[in-house]
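Given these sequences and hints, build the entire structure.
Residues 1 to 437 in the UniProt record's numbering are what the sequence shown lists, from first letter to last.
Incorrect hints may appear among the rest.
Unchecked claim - Below, computed lysine to aspartate or glutamate pairings styled on EDC-like, alpha-carbon distance capped at 16 angstroms:
1) 188 - 172
2) 299 - 405
3) 69 - 25
4) 231 - 25
5) 65 - 47
6) 243 - 47
7) 274 - 73
8) 309 - 214
9) 309 - 427
10) 339 - 437
11) 243 - 221
12) 416 - 393
13) 309 - 182
14) 231 - 34
15) 145 - 214
16) 231 - 199
17) 416 - 427
18) 188 - 221
19) 69 - 142
20) 186 - 142
Keep in mind that the hints were calculated from the coordinates and are not lab data.
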Amino acid sequence: MFRLSFLLFAWLSLVSGSGIVVAEDYDLSWQPDDARWVSNDLSVQIEGSLKITNREGGNESLPLKLIAKYRFDERPLPGTGRDALAYRAQRVFRAAGSRVTVKEKVTTSILRARRGEIVAQLRSDGINPYALSGPLTPEEKELLKTPLDSIALPTLLPTHRVAIGDEWSPPEWAAQSLLGIEAFIKGKLRCRLEVVDGDLATVTFAGLIEGADDGARNSIEVSGEFQYQLKDQIITQARLVRKEQREVGPVAPGMTVTVSALLQRRFAEEQPGKATALEEIALNPQPSLLSMELAGPNKTALVCPPDWKLFHGTDQIVILRLVRDGDLLAQCNITVAPKVSPGEHTPDEEFVADVRSNLSDRLVSMDDIGVAERSDGMRILRILTTGKVDELDMEWRYYLLTAPDGRQLAILYSMKTPAAPSTVTGDELLLQSLRFE
1 MFRLSFLLFA WLSLVSGSGI VVAEDYDLSW QPDDARWVSN DLSVQIEGSL KITNREGGNE
61 SLPLKLIAKY RFDERPLPGT GRDALAYRAQ RVFRAAGSRV TVKEKVTTSI LRARRGEIVA
121 QLRSDGINPY ALSGPLTPEE KELLKTPLDS IALPTLLPTH RVAIGDEWSP PEWAAQSLLG
181 IEAFIKGKLR CRLEVVDGDL ATVTFAGLIE GADDGARNSI EVSGEFQYQL KDQIITQARL
241 VRKEQREVGP VAPGMTVTVS ALLQRRFAEE QPGKATALEE IALNPQPSLL SMELAGPNKT
301 ALVCPPDWKL FHGTDQIVIL RLVRDGDLLA QCNITVAPKV SPGEHTPDEE FVADVRSNLS
361 DRLVSMDDIG VAERSDGMRI LRILTTGKVD ELDMEWRYYL LTAPDGRQLA ILYSMKTPAA
421 PSTVTGDELL LQSLRFE
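Structure follows, in structure tokens:
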């Protein structure tokens, strides 16, 4: 036994002397219980083109450019489930805004100060943000869904110790969460520990993913890197380049774009003064906080359930769509109707005649015509109809809303039949929240 031990020692000495060294490995783990506040600065640039369907039914390409900047402090919150649902954060924004140029039209969007405290919940389809003080607008929700989110990055970290040059593939849900797509079809994201310089580890990632979002197929080529501080176990900087091609869908236009994003992070010098205490943040928010606050035509406002999407909006018409798994389940058109004298309304028979004329030979039945008046004085005329479009059974619900001052809205709620349970009462939920301001 002594002789064998001696030989083993001699062999180890020879190996050591020959320059063969066991590679050092590192712990790049995520610390969900670290409640320290982290300051984030994020900048995003997008260039490319939008593809829309024009009035003639053909595709039209419009040049697109976006610049967005964000400054916020955040800290982790307890997760609400497994995988993506384990990642959640409380955020206090100092600034969030974007400037979008499509062809020659410029649109700006900012996060309102009174909605500046946000809970960001990671899901398999990306970030689901909501404000603790009330519903966000569609523009605010889109603004807060960034292409390089700080709580999505930890999903790329390895689940085991790694050495320089080691590679690993995050699970599919992690790649899907980082890219913020509703469906993952195929592809893989690869990560690699490139170098460790003192206390700073650099990880690169790249991949080609095919998926679907808002009912449209997309192809995404992504690459980037992030720096991980070993001592404090925090990602301090990240860069991302994303090249995406998306088809025209039922809710959003198609696009061919290149996205560049830079995220810089550091521990905050102090806690934000207006932050809600951790124990006061519910694990599951009230449904009203997940809803969408929308400015309607004719100086109206309404609150939409979270699964509805704004398809089109002007000062004359708003179009909302309910899309699930790529299928258009329902649509709601809200349009300005002619104003009448205070206390008056468009004659019911005139509106009924307009409905018959609009549906023409598509109309099968007009089952129910009723009138109701709300406590705020709004008069509601409702007409329920059924019909067919290309052998597809449809139900159309028409409404004429009249305010005491004579302003009017016409609403058309369309859905296929038999209808999904969530669409049957969709019009009632929208009407309950709608008000003339």
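Okay, which hints does this one fail, numbers in order? 3, 20
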